[in-house]
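S.K.: Heads up: the protein sequence lines correspond to chains P and D, in order.
Following full-length UniProt numbering, the numbering of the first sequence begins with 1 at its first residue and continues without gaps.
Following full-length UniProt numbering, the numbering of the second sequence begins with 1 at its first residue and continues without gaps.
Hints are computed from structural coordinates only; laboratory data are not their basis.
Don't take each hint at face value.
Stated by the list, open to error - Going by beta-carbon spacing under 10 Å, a handful of chain P positions derived as facing chain D:
| no. | residue |
| --- | --- |
| 1 | Q30 |
| 2 | S211 |
| 3 | E215 |
| 4 | P328 |
| 5 | N471 |
| 6 | L654 |
| 7 | A659 |
What the hints assert, rightly or not - Simulated restraints on C-beta separations:
| no. | chain 1 | residue 1 | chain 2 | residue 2 | range |
| --- | --- | --- | --- | --- | --- |
| 8 | D | R650 | P | N481 | 29 to 35 Å |
| 9 | D | R650 | P | T633 | 37 to 43 Å |
| 10 | P | S99 | D | R353 | 24 to 30 Å |
| 11 | P | K358 | D | F430 | 55 to 61 Å |
| 12 | P | A174 | D | A659 | 29 to 35 Å |
| 13 | P | I159 | D | K354 | 40 to 46 Å |
| 14 | D | I517 | P | R652 | 34 to 40 Å |
| 15 | P | M678 | D | A659 | 40 to 46 Å |
| 16 | P | F392 | D | R650 | 54 to 60 Å |
| 17 | D | P479 | P | L418 | 31 to 37 Å |
| 18 | D | I517 | P | Y155 | 50 to 56 Å |
| 19 | D | N674 | P | N238 | 54 to 60 Å |
| 20 | P | P592 | D | P479 | 43 to 49 Å |
| 21 | P | Y155 | D | P393 | 25 to 31 Å |
Unchecked claim - Some chain P residues well away from chain D (every beta-carbon gap over 10 Å; in silico):
| no. | residue |
| --- | --- |
| 22 | R66 |
| 23 | S182 |
| 24 | K241 |
| 25 | R246 |
| 26 | Q251 |
| 27 | I318 |
| 28 | I326 |
| 29 | D478 |
| 30 | R652 |
| 31 | F653 |
| 32 | E663 |
| 33 | A686 |
For glycine and all other residues, C-beta sits at the position ideal for the given N, C-alpha and C.
2 protein chains.
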Amino acid sequence: MIVSALLTSVGINLGLCILFFTLYSILRKQPSNFGVYVPRLLADGKSKKTSHFHLERLLPTPGWLRRAWQPSEEELLSYSGLDAVVFMRLIIFSLRVFSLAGIIGVFVLLPVNCTGTQLQQVDFSNLTNNSLDVFSISNVNNGSKRLWIHFSAVYIVSIFVCYLLYSEYKYISAKRVAYFYSSEPQPQQFTVLVRSIPVSVGNSVSDSVESFFKEYHPSTYLCHVVVRRTNKLRDLINDAKKLYTRLIHLQTEPSRPKFKRDGCWGLFGRKVDLVDHYEKKLEDMEENVRLEQSEVSLAGEEARAAFVSFNSRYGAAIASNMQLSINPTYWVTEQAPEPHDVYWPFFSKSFMRKWISKIVVIVACVLLTVVFLIPIVIVQGLTNLSQLEIWFPFLKSILTITFVSQVITGYLPSLILLLFLKIVPPIMKFFSSIQGYISNSEIEKSACNKVLWFTIWNVFFANVLSGSILNQISIFLDPKNIPSKLAVAVPAQASFFIAYVVTTGWTSTSLELFRMIPLICSLITKPFTERTDDEFEVPSLPYHRDIPRVLFFGLLGMTYFFLAPLILPFLLVYFCLGYIIYRNQFINVYAPKFETGGKFWPIVHNSMIFSLVLMHAIAVGIFTLKKLSLASTLIFPLPVLTLLFNEYCRKRFLPIFIAYSAESLIKKDREDYNNATMAEFFDSLATAYQDPALLPIKYSANPDSRSSPLLSSAEFET
Amino acid sequence: MIVSALLTSVGINLGLCILFFTLYSILRKQPSNFGVYVPRLLADGKSKKTSHFHLERLLPTPGWLRRAWQPSEEELLSYSGLDAVVFMRLIIFSLRVFSLAGIIGVFVLLPVNCTGTQLQQVDFSNLTNNSLDVFSISNVNNGSKRLWIHFSAVYIVSIFVCYLLYSEYKYISAKRVAYFYSSEPQPQQFTVLVRSIPVSVGNSVSDSVESFFKEYHPSTYLCHVVVRRTNKLRDLINDAKKLYTRLIHLQTEPSRPKFKRDGCWGLFGRKVDLVDHYEKKLEDMEENVRLEQSEVSLAGEEARAAFVSFNSRYGAAIASNMQLSINPTYWVTEQAPEPHDVYWPFFSKSFMRKWISKIVVIVACVLLTVVFLIPIVIVQGLTNLSQLEIWFPFLKSILTITFVSQVITGYLPSLILLLFLKIVPPIMKFFSSIQGYISNSEIEKSACNKVLWFTIWNVFFANVLSGSILNQISIFLDPKNIPSKLAVAVPAQASFFIAYVVTTGWTSTSLELFRMIPLICSLITKPFTERTDDEFEVPSLPYHRDIPRVLFFGLLGMTYFFLAPLILPFLLVYFCLGYIIYRNQFINVYAPKFETGGKFWPIVHNSMIFSLVLMHAIAVGIFTLKKLSLASTLIFPLPVLTLLFNEYCRKRFLPIFIAYSAESLIKKDREDYNNATMAEFFDSLATAYQDPALLPIKYSANPDSRSSPLLSSAEFET
């Protein structure tokens with residue numbers, strides 16, 4: 001790739017970004033788009049859907065930038081929770097790392113690379129005609145003493161990254177503890193989930209739980225809720241909900257036909273009032289649901305799991321930390337998730353099915369990650385011009401136009417790859433959901449890890465180690481040659497990844513702001529549905545999609561900063577864009593769906609450590625290749641020290657992210673001793689972990705008197 | 001190797017075994033050898049050192065066999081503890097496995113191998129002239145359908161081993177729990193060791209511990225003992241002890257000169273009564289010790305560690321299972337070891353030194369394991385004939401005798417290897433002792449693991465994968481070719497390992513019975529020392545030497561049973577010998593020095609799983625080599641299933657060996673509620689973990705009145 005090609009790409013994408021920004025700043029001011037651009041404010045009642053028209057609404061204004069910039073971290077914390085803060089810290093961390101790396105790279109390494117003559121002389125008279133390779137380490141002469149500058153840069157940046165990683169881990173641990181101290185009493189702090197409850201003949205699970213905890217935790221045990229198998233019930237309720245939505249639409253939209261004939265295909269028979277018809281059907285359904293609910297509550301539909309609540313956080317923590325039963329496979333405990341975070345479908349599975357599905361999921365993930373590119377390459381092969389002409393003969397005349405054929409051959413393959421990549425996060429989330437996690441937050445965390453490794457393999461390694469899958473894998477089965485192979489392959493792809501940062505990075509971030517897909521969805525569905533504000537669902541940031549993306553750019557920056565420092569300015573632009581855009585989205589768009597208390601940070605930390613070690617491996621290879629074997633030997637302590645540093649962090653910080661300490665639990669418990677509202681809170685614990693499917697439903701017009709809801713139906717949405 | 005050579009070797013070693021047995025049955029009846037052969041009975045007072053002479057004492061009798069056979073497992077348990085039972089279960093387990101494998105191997109596989117013609121026809125007319133290879137799988141024709149018999153054998157034995165492993169694990173877990181239930185209240189059950197205690201300025205460690213546990217565990221905290229740095233003190237006490245021993249010898253042995261001159265080299269000056277002289281010196285030393293003791297007790301010689309005792313087992317378990325402090329590197333807790341099992345020197349080290357020494361030890365172990373053979377090969381090279389002739393010219397005439405030169409070239413190298421191997425367990429134990437373990441039992445457990453992997457590498461792999469070290473390691477860095485390389489290399493060494501079982505296995509076991517080295521030591525030292533019975537030390541079985549040895553023979557059997565079934569009868573003989581001999585030793589010789597409650601079993605389990613998977617890897621390679629690729633494909637599920645089985649066992653049984661469950665702790669605590677002796681026991685807790693170096697010493701004739709000992713000086717010995 002030559003400089004001019006890069007500049008073209010930068011120009012196009014810069015144009016796209018400016019276009020999206022402009023469109024955003026206009027569209028967000030239209031009340032009809034509030035549901036897309038400021039759903040959060042809408043839900044909070046801060047924005048009204050209707051407002052008077054004035055000219056300013058049609059002009060692009062940068063006011064949102066200022067508003068996104070303003071809030072302090074404390075405000076963000078109180079508004080969007082600790083997870084959002086952690087996500088922003090990730091971007092700030094990257095900004096810091098690549099600011100230093102950028103300064104070193106652009107002002108020190110780049111001139112050194114340019115003055116090398118290994119590949120060719122830099123043609124300063126016609127800069128745009130130079131190959132990008134002359135700016136990379138490949139251009140430094142073999143065995144040149146100048147490589148020691150690169151060597152020092154690797155050391156400086158590694159130490160800086162480790163220092164930042166340490167201080168960030170410390171900062172976020174402190175935030176997590178402070179968050180816990182400042183939190184109101186929450187059900188999950190007092191509750192553990194117990195699984196694999198052994199049941200003696202003639203006893204119910206509930207009896208078994210009660211007698212066990214009264215026997216062994218008499219002073220702390222409070223109450224419990226046995227989990228029930230509610231798959232069938234959940235289907236029934238969903239059907240009822242759909243019918244209810246339809247009914248509401250009928251009632252609120254005067255334009256719709258309200259009658260149909262009751263014969264076959266609605267053609268014959270007498271006219272029926274549709275509203276009446278649906279209401280009757282809904283009542284029947286609700287009766288069904290109620291029957292099923294009482295059946296589930298009575299009969300042996302108990303799963304062998306229960307949420308057990310205690311009268312202190314410390315009591316709950318003891319129960320979740322200790323091995324309760326002599327047989328370690330019985331009475332397996334873990335800290336309960338937030339009540340609305342529980343992933344209920346999970347409990348319907350038996351132990352064996354869960355175990356098998358876990359193994360199947362692991363195998364499926366590995367297979368998907370390793371062989372993902374095969375079908376894509378095949379599909380891409382099918383879309384070449386001659387194939388298209390055979391399939392769609394009528395396109396022949398269009399395909400002969402040079403521009404069209406260029407677009408198709410140039411963009412179609414990468415578009416197909418991009419579309420396939422888009423569906424990976426949902427697939428990984430689906431995999432995680434059947435893997436046996438009990439809460440949505442855990443599913444998202446696990447999916448985050450899966451997507452991260454998937455991206456690293458399929459975007460980084462698949463591009464770097466071109467060739468067949470078997471060939472790629474065989475490189476990793478031959479560990480001692482990894483550095484030398486990487487050293488050859490990685491720099492060769494520098495220009496590809498610079499372009500990747502510009503195209504995928506910049507565009508994806510501005511698309512995140514523009515919210516293309518929700519906008520299109522809203523435009524399509526708006527004419528047909530008039531959503532009521534009650535039903536309106538505020539989206540939450542899919543961490544499993546966005547964290548791996550940011551981390552992957554971090555990996556690119558870390559591995560390329562000394563190979564091809566030209567990548568760094570583009571990365572810095574990406575992170576700056578990300579900083580302002582995600583802040584804006586947290587304020588306007590995304591509401592937290594759950595609160596893990598910063599549990600995503602260990603994933604970030606591990607990924608950064610991996611990037612560092614990968615960088616060191618490449619450095620070893622590069623210095624060997626460049627015939628500076630002393631430098632490649634002297635790099636060796638670096639990965640060892642990095643891994644030792646990681647080991648220290650695992651000891652020092654990781655436990656904080658797994659469970660709270662006795663000290664903080666007891667302190668927090670003592671604070672509550674004199675709290676008058678605790679009695680009320682303890683009462684609420686008895687129903688906090690009620691399966692939402694077992695709550696009375698109240699859709700039909702004449703609600704049954706029996707069904708006084710314990711929690712509002714809004715609970716279904718969360 | 002041909003059959004006759006094997007028979008010769010068997011003959012020689014059988015002869016040696018019979019010789020050792022005979023000598024043993026005579027020598028053990030001599031009262032002068034009671035200290036070597038029945039130290040345990042002697043210590044218990046069941047045997048007297050003096051007895052009247054009668055003729056039977058000079059005849060070999062098999063009575064000890066009957067006595068070793070008799071005791072039931074319960075008797076062994078009550079007499080030698082659970083660790084001895086676990087060791088015997090290991091031998092019983094091996095006996096069972098190799099009985100089945102032996103039946104299949106000798107009666108099914110051996111005939112199949114013999115009737116093959118791949119290598120050569122078996123010459124039935126002159127059996128002893130056949131190569132041993134004709135009895136191995138190498139003799140089965142390539143692609144022969146008969147290989148399916150081997151295939152089935154692999155499956156049958158794998159399933160049988162897994163079944164046995166499961167039932168043994170279950171049995172020993174049950175034993176462990178039962179052992180806990182039946183145990184008297186013991187200090188270690190009520191105590192945790194706390195390390196990394198943070199100390200604020202102006203406070204002592206003791207204050208810090210007291211305020212922390214009174215604050216956060218007010219209802220269960222009982223008392224604590226702060227650990228002090230006593231390295232210097234321990235040296236002083238050792239010196240005093242040596243002097244005391246010398247003094248005793250002087251006093252009890254009338255033959256010794258009791259005077260010396262007090263000038264230089266004892267030549268000039270006036271005569272001094274040695275007894276007086278030593279007594280005075282001893283008194284001085286004791287005074288020094290007492291000064292140092294009071295200094296250590298007063299000043300800032302506190303290590304940042306303390307033994308904290310609780311008033312219930314459950315309370316102690318909570319403290320050791322929970323993360324106590326917000327900073328996970330402070331207040332690090334673990335279950336305390338038995339008081340006499342504590343490895344006191346350990347506490348003298350600072351945290352950083354401990355961490356560094358741990359890393360150093362790991363590196364040293366890996367290095368020792370990997371490069372162990374290099375110095376040996378060099379030393380062996382130095383002992384060839386021409387070298388010897390150059391060094392010791394006077395040997396020239398002797399070395400020309402054929403027999404002598406044969407012995408030297410044939411036995412010297414293997415003798416050197418054997419001597420080097422002998423010093424490995426002590427080296428590994430030394431490594432473990434500086435690695436940071438707080439108890440002798442943990443040190444021994446860790447050394448056991450180290451010796452096991454050392455043996456597997458340096459005896460199995462070094463023999464199988466001959467060639468340079470780098471060559472051997474490179475095989476493991478190329479994982480996909482491991483099976484094919486093993487398949488070629490492992491069967492080729494079959495005859496070597498058969499001979500190894502016979503020579504090393506049989507002889508080492510009968511030497512264990514004969515106790516050659518202790519016997520020699522006793523014979524040498526007896527004329528000079530007359531040990532008093534008080535001082536007499538009963539040895540304990542060095543598990544880190546014997547468990548790896550037995551496990552290694554298990555690995556040999558597992559990997560060779562389908563390759564060269566001829567190994568099985570010899571192995572069975574080895575295990576039978578082991579069974580009867582170790583029972584005898586537990587009854588007569590070894591006293592338990594500590595009680596881990598069966599914690600050695602997980603090591604056994606892991607080693608067996610490794611042997612199984614290794615066997616499967618070899619099977620895959622062999623069937624590929626034998627051109628029966630379907631069979632090699634069908635073996636693949638076996639290692640996967642084995643590892644899944646192992647995973648299940650880790651979940652089901654391993655936690656039982658790490659900590660006791662809340663259920664059993666609470667049950668046991670409740671039993672003690674009404675126990676009147678508990679108050680007394682709790683009082684004793686305050687001093688149970690006193691550093692023995694801080695106890696008053698009472699060697700000199702006129703004991704100081706201040707020094708009323710809390711524990712007897714016998715404590716020093718245990």
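S.K.: Now, for every hint given, state plainly whether the structure supports it.
M.R.: Right, here's what the structure says about each hint:
A distance limit of 10 Å between C-beta atoms decides the matter here; for Q30 of chain P the minimum to chain D is near 49 Å, and the interface restraint is violated. Taken as an interface hint, S211 of chain P does not check out: its beta carbon lies about 13 Å from the nearest beta carbon of chain D, beyond 10 Å. Annotation: interface hint on E215 of chain P holds; nearest CB of chain D at approximately 8 Å, less than 10 Å. For P328 of chain P, the suggested interface contact is upheld, since its CB lies about 4 Å from the closest CB of chain D, less than 10 Å.
Violation of the interface hint for N471 of chain P is found here, the shortest Cβ-Cβ separation to chain D being roughly 13 Å, above the 10 Å cut-off. At about 8 Å, the closest approach between the beta carbon of L654 of chain P and any beta carbon in chain D falls short of 10 Å, and the interface hint on this residue holds. Contact between A659 of chain P and chain D, as hinted, is supported at the beta carbon level, the nearest pair being about 6 Å apart and thus within 10 Å. Under the hint 29 to 35 Å, the C-beta atoms of R650 of chain D and N481 of chain P, about 34 Å apart, fit the expected range.
Hint check: R650 of chain D to T633 of chain P, Cβ distance near 40 Å, so the stated range 37 to 43 Å holds. Our hint of 24 to 30 Å for S99 of chain P and R353 of chain D is violated, since their Cβ atoms are close to 38 Å apart. Range check, K358 of chain P to F430 of chain D: about 43 Å between beta-carbon atoms, so the 55 to 61 Å window is missed. For A174 of chain P and A659 of chain D, the hinted distance range of 29 to 35 Å is satisfied, since their beta carbons lie about 31 Å from each other.
In this structure the hint that I159 of chain P and K354 of chain D lie 40 to 46 Å apart at CB is violated, the actual value being about 25 Å. The supplied range of 34 to 40 Å is broken by I517 of chain D and R652 of chain P, whose beta-carbon atoms lie about 47 Å from each other. Distance hint for M678 of chain P and A659 of chain D: a CB-CB separation of about 32 Å, inconsistent with the stated range 40 to 46 Å. Between F392 of chain P and R650 of chain D the Cβ separation comes to about 58 Å, which falls inside the hinted range of 54 to 60 Å.
Remark: the range hint 31 to 37 Å for P479 of chain D to L418 of chain P is upheld by a beta-carbon distance near 35 Å. Checked against the hint of 50 to 56 Å, the pair I517 of chain D and Y155 of chain P passes, with Cβ atoms roughly 54 Å apart. The hint said 54 to 60 Å for the Cβ distance between N674 of chain D and N238 of chain P, and at roughly 58 Å that hint holds. For the hinted restraint 43 to 49 Å between P592 of chain P and P479 of chain D, the CB-CB distance of approximately 44 Å keeps it satisfied.
Evaluation of the 25 to 31 Å hint for Y155 of chain P and P393 of chain D yields a failure: the beta carbon distance comes to about 58 Å. For R66 of chain P, the condition that its CB be more than 10 Å from all CB atoms of chain D holds, with the nearest at approximately 38 Å. Separation of S182 of chain P from chain D is adequate, the least Cβ-Cβ distance of about 15 Å exceeding the 10 Å criterion. Here K241 of chain P stays apart from chain D, with its beta-carbon at least about 40 Å from theirs, past the 10 Å limit.
Distance to chain D confirms R246 of chain P as a non-interface residue, since its nearest Cβ pair spans about 48 Å, more than 10 Å. For Q251 of chain P, the shortest C-beta to C-beta distance to chain D comes to about 55 Å, beyond the 10 Å cut-off, and the non-interface label holds. With a least CB separation of 6 Å from chain D, I318 of chain P falls inside the 10 Å interface cut-off, contrary to its annotation. At the 10 Å boundary, the C-beta of I326 of chain P falls inside the reach of chain D, the nearest C-beta of that chain being 5 Å off.
With a least CB separation of 6 Å from chain D, D478 of chain P falls inside the 10 Å interface cut-off, contrary to its annotation. Not every C-beta of chain D lies more than 10 Å from that of R652 of chain P, the closest at about 5 Å, which undercuts listing it as non-interface. Against chain D, the non-interface label of F653 of chain P is violated: not every CB pair exceeds 10 Å, the least being about 8 Å. For E663 of chain P, the requirement that its beta carbon stay farther than 10 Å from each beta carbon of chain D is not met, with the minimum near 5 Å.
Every CB of chain D is more than 10 Å from the CB of A686 of chain P (nearest about 24 Å), matching its label as outside the interface.
Of the hints listed earlier, those the structure fails to meet are numbers 1, 2, 5, 10, 11, 13, 14, 15, 21, 27, 28, 29, 30, 31 and 32, in rising order.
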